[in-house]
Amino acid sequence: MDWTRKDLIGIEPLEKAEIETIFHVAGAFKRILKRSVKKVPVLRGKTIVNLFLEPSTRTRLAFEMAATRLSADVISMNADASSFVKGETLKDTAKNIRALNADMIILRHSAPGSALYLSKFLDIPVINAGDGSHEHPTQALLDGFTLIEHLGDLKGRKITILGDILFSRVARSNIFSLTKLGAEVTVAGPATLVPKTFESMGVKVVHDLKTALNDADAVMLLRIQHERQSSTHFPSIGEYTSIFGLDKRRAAWLKPNAIIMHPGPINRGVEIDSELADSEQSVILEQVSNGIAVRMAVLFLCTGGSISALESPAE
Amino acid sequence: MSTTRIIRNGRIIDPKNARDEVTDLFIKDGKIVSSLTKEELDTATTTDASGKIVTPGLVDVHVHLREPGQTHKETIETGSWAAAAGGFTTIVCMPNTSPPADTAGTIQYINDAVARSAVVNVYPTGCITQGRLGEKLAPIGSLKRAGVVAITDDGDCVQNNEIMRRALEYCQMFDLPIMDHCQDMALTQNAVMNEGEWSIRLGLKGWPAAAEDIIVARNALLSEMTGAHVHMQHISSAGAVEVMRRAKQRNVNVTAEATPHHLALTEAGIKDYNTNFKMNPPLRTEKDRQALIEGLKDGTLDIVATDHAPHTTYEKDREFDYAPFGILGSETCFAVTQQILCGEAGMSINEVVALLTYKPAELIKLDSGTLSEGATADVAIFDLEDTWEVNEQTLLSKSHNTPWWGETLTGKTVETIVGGKTVFQDGKIVD
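Chains as they are written, first to last, in our numbering: chain A, 1 to 315; chain B, 1 to 431.
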């Protein structure tokens with residue numbers, strides 16, 4: 001399917017075929033990344049601004065890496081170094097970046113809907129790198145890409161997302177993505193962080209870990225986000241780990257070849273046992289690597305790159 | 001020589017007097033009269049109201065005029081223009097100004113500005129607590145002498161039940177109702193929309209309906225204990241309607257209002273993070289909306305009030321989390337309310353006019369909202385069939401924050417008359 005969008009704001013508005021287009025292009029970039037010369041000239045002369053108004057290491061680096069591999073120039077900017085501290089609004093900051101002739105903005109922001117908001121008044125592509133608790137589409141895309149590499153077609157596959165679902169943009173984007181791809185999605189964790197209302201998004205809500213993990217093809221762990229929740233959601237980290245932490249014994253409830261995923265940053269010994277995080281079952285670092293190819297695909301498609309041009313690379 | 005006016009041939013709807021007939025309305029020296037002498041008839045100014053309805057001027061007990069201190073959003077003058085454009089002749093302004101209206105001096109400032117610039121009747125309210133901080137009672141007796149018609153901390157609901165109890169007891173001495181914005185703050189920290197399927201989907205912090213219901217119940221219990229009149233502002237949830245219904249069955253001295261936006265809209269309007277759908281209390285579900293309509297039909301809810309809350313475009317045009325709560329209400333109230341209540345709810349126009357005239361007036365013990373003989377001639381003329389677009393021409397407020405922006409509404413103010421004098425006609429303020 002041809003890609004016609006200027007922006008990537010979320011997974012919710014995408015059709016299944018559009019997600020598959022991104023995977024297809026990401027696959028092509030992944031092959032290119034295995035060559036000795038990893039760089040392609042498709043975004044040469046373009047300037048991409050990483051506007052990161054919330055802390056991030058992995059996502060910002062991965063976007064920078066992806067843009068560099070596509071030969072774009074990248075400038076990254078953080079909240080503490082920006083005019084926000086001087087009281088400038090997001091809209092004015094974005095318009096200034098546009099006036100400086102940027103060709104694309106990648107936005108990470110604590111307010112849900114902020115990427116959509118920018119996309120409405122900017123004529124350049126806006127990529128959502130996480131808007132509060134709303135969506136983190138490139139994370140869900142790299143997760144989906146990784147899952148398909150391991151499991152093939154996701155139709156009917158059982159995938160469990162475990163942890164702080166309420167405050168998680170990764171969970172929301174993955175729910176939208178995985179349900180579109182035909183998987184059976186279960187969300188699990190403490191009742192305070194996994195309210196029943198999530199059922200309205202087409203997933204099962206489970207508070208018993210054994211039920212949640214039993215026969216799952218993959219489990220996706222989420223970090224407990226201290227920065228987003230008030231102290232009332234669970235008694236202590238220790239109690240969380242004792243009830244919902246994934247260790248070897250509990251991992252045995254999964255299907256034999258099931259994979260363990262985590263969007264990072266991981267808290268060893270909290271949501272996941274340290275050894276398990278480094279085990280054969282864990283694909284955590286593969287996810288990170290796939291993040292480059294998937295983000296290259298997103299940057300390429302949103303700047304109007306055509307799939308046919310990619311399949312006969314100039315270099 | 002006296003000044004006389006005839007409003008000819010309109011359908012006079014005066015619910016207080018159970019009147020609904022096509023006839024002429026006579027005004028003499030700013031008062032409603034039942035007849036004029038032949039000489040007065042010959043010299044009277046005549047307005048043709050054929051095909052229109054002629055009602056008492058509307059009464060709104062909940063507006064924000066932003067003066068003093070926030071005059072970039074609205075002033076007493078522009079807010080009174082917006083009211084006149086909506087057919088309102090009497091409005092009650094909230095005390096969440098800068099500074100808050102918690103002293104007789106600030107009330108006097110407001111009264112002076114009203115006398116100088118308002119084109120409709122404006123009555124101030126004063127704070128329950130000093131600085132609207134919920135800690136120490138404001139000088140309610142002095143506020144009463146300065147002219148307030150009710151006491152309220154508006155957007156900052158008093159959380160301390162002891163303070164609320166004492167406020168209720170104290171206000172009774174002055175025959176002042178307490179108007180309360182019902183919100184448990186602990187349950188709604190950082191909340192920006194209704195808690196439910198949409199807040200889950202959009203990743204926005206939810207404001208559970210229970211946070212409203214708890215305070216409505218608290219207020220009903222304290223009213224029952226003290227006998228004081230508590231008026232619940234902008235009820236938005238089905239649960240709160242049910243709490244009110246039960247309190248009224250026990251004859252507790254409570255009243256409640258619903259806003260046009262809670263009657264017409266639901267949380268689904270926020271799907272694209274449109275900040276003109278952000279207000280407090282938030283838009284809720286279709287079930288809640290239906291419960292509000294039912295509450296107005298069976299008398300559980302007493303009146304319609306707008307919560308007219310102007311904010312500039314630059315304040316509203318930002319990330320949903322950071323945009324202020326509140327939308328305009330004055331200009332769109334009549335059209336939206338009659339569309340919903342006469343339309344899908346099947347109420348009569350007489351019932352709707354009652355909710356917007358004598359009922360809110362009685363709640364704050366004003367004798368306006370009727371066309372009784374001898375009453376001050378506060379009159380509105382509406383065309384129930386005529387349509388109009390909500391835009392910068394039709395809104396007279398200083399701000400434009402309305403969810404109906406660009407939409408066409410049915411039911412248009414033709415003329416607004418205050419004390420016998422036309423203040424609004426043909427879409428404009430008449431000087």
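Note that these hints are calculated values from the structure, not bench results. Just so we're clear, the structure is a prediction, and the values are computed from it rather than from any experiment. Ideal placement from N, C-alpha and C gives every residue a C-beta, glycine not left out. Fair warning: there could be bad hints in the mix.
Covered by chain B, per the in silico footprint, the following chain A stretches (three or more residues, Cβ under 8 Å) [as the list claims (entries may be wrong)]: (1) 131-137; (2) 249-256.
Calculated lysine-lysine pairs in the DSS-like style (CA-CA distance at most 27 Å, straight line) [to be verified]: (3) A/Lys155 to A/Lys91; (4) A/Lys91 to B/Lys144; (5) B/Lys16 to A/Lys91; (6) A/Lys6 to A/Lys16; (7) B/Lys398 to A/Lys196; (8) A/Lys86 to A/Lys6.
Numbers of unmet hints, in rising order
Violated hints (numbers, rising): 2, 3, 4, 5, 7 and 8; every other hint is consistent with the structure.
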